[in-house]
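First to last, the sequence lines map onto chains A and B. In terms of this note's numbering, the first sequence is residues 181 to 443. In terms of this note's numbering, the second sequence is residues 181 to 443.
Treat the hints with caution; some may be incorrect.
[What the hints assert, rightly or not] Here are the simulated distance ranges between beta carbons:
1) Ile271(A) <-> Asp433(B): 39 to 45 Å
2) Ala349(B) <-> Val334(A): 20 to 26 Å
3) Phe262(B) <-> Ala408(A): 30 to 36 Å
In case anyone wonders, no lab produced these hints; they're calculated from the structure. In this text, a Cβ means the ideal position worked out from N, Cα and C, and glycines have one as well.
Chain by chain, the residues:
2 protein chains.
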Amino acid sequence: MCKSFSAQRSLHASPSALGGARAVRSPRGARQVAAATGQAAAPPTTMPSYKLYYFPLPGRGEVARLCCAVGGLELEEVRFPFDQWPKYKAIAPFGQCPFLEVDGTFLAQSAAIDRYLAAEAGLVPKDAFQAALADQAYNLCIDILTPLFDTFKVKDEAERIKAREAVVAGPLKEKLGYAETLVAKAGDGFVAGPELTYGDLHLFHALSTIISGWMDGVPKTALDGFPALQAHRNRVASVPQVKAFYEREDNQDDMRQAYKPNA
Amino acid sequence: MCKSFSAQRSLHASPSALGGARAVRSPRGARQVAAATGQAAAPPTTMPSYKLYYFPLPGRGEVARLCCAVGGLELEEVRFPFDQWPKYKAIAPFGQCPFLEVDGTFLAQSAAIDRYLAAEAGLVPKDAFQAALADQAYNLCIDILTPLFDTFKVKDEAERIKAREAVVAGPLKEKLGYAETLVAKAGDGFVAGPELTYGDLHLFHALSTIISGWMDGVPKTALDGFPALQAHRNRVASVPQVKAFYEREDNQDDMRQAYKPNA
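With the rest of the complex left out, here is chain A (with noise of 0.2 Å):
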């Protein structure tokens, strides 16, 4: 039910002083209809600028990070220390970061930037039903971190930490067990077919802040009794494009050295 774009290109216009904004659209669906039909292709234009405004660590930044590391696409990245934070949040869209700037134009959400970025990146499936499959991985790994993330909003660490092993004893091990069964299934493959897509890369990021002991109160060793899972992370870690992000100077804290093979 949905013709044309452009009326909302103006949506979440940017603030110039934070980057100029391109005209010019990318022709990457005029190139894939073009393909599909036989006819000439549409004439050369300028790809998006992708830029990526969050914190150094990985976050709910990493995902939008690893699809256009695989999918080869250049991202820009502002990531920003947690004190510059109130500077930018007044530009976010929603008051929240990760946001993404697309030739200028703002988009919030990390779950809807992770799957634009994807879908650019060529990491979202054409069918629709495998699509839906990598969705629900994506979707169960939000259901993974989410209630880890939220114990960061309880201010004493003796609590904190005692709020954290409940989660790992509890509804952690529920999730990871779901997703092993899911993933033993798929054998050799990925959660939603024989090809990665967004999906592994957010259990693969999802299960790799797991094991990098990060969060006090959840163990390096919150894995074990998940070989499927196990394997899973190592054969995404392994993917050359992802194994070459965390060899770049600026993925080298501490925290990414979980996000490499036999970590």
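Given chain A, work out where chain B should sit, using these hints.
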């Protein structure tokens, strides 16, 4: 990066006692390719059967139902009372509902179900960025509803109402403010352009839930001061297929009275 999907069809095969699996896959994708390339259309085959398992209330099942109603997809529903949940939890892929059965295969996660059915119903924009805007609105609605739904965990009634009042005055007001800005800028259009998308259906559902009086502590007047949201809600409620959905005999519960135009 995705080629085939047949290997994944057995991931969540449903027990035969709950409904026979159909062996024939939707020809939708094949037909679209055929149309785009000018090839002869695929021979007619059985369309997929969609079966949604959820409680009778709107909750996390309503967007899926609305996508089917608006897109003219036949949706079989298993609306079961709360006391039957243990029976269905045993077959739910991730121990959660709603879940969807597609030709005998289960799909979990409401966000994956909604987007899948929206795609089948033609309610996901073809343009990648416009689809991202629909996703952005869809996910903002998760942020709007989740803190309210979370209050059901508070067992003491007085405490629960107090928790909801805090949500209404704080995060809900903030999130509705972002939604108001989004919709106001869209003018007479919708959240991702001139055409209705599943992002609009989620927003309609979230706003209707809020004014339903279903949750003690959330006043029916909670949308006062958000004129663009009220207009958007009425616009979606007035879409003929939406209107017809709420005229159906099985949708005459008290809560759904708030889903009608000018409710």
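What hint numbers does the structure not satisfy? Violated hints: none; all satisfied.
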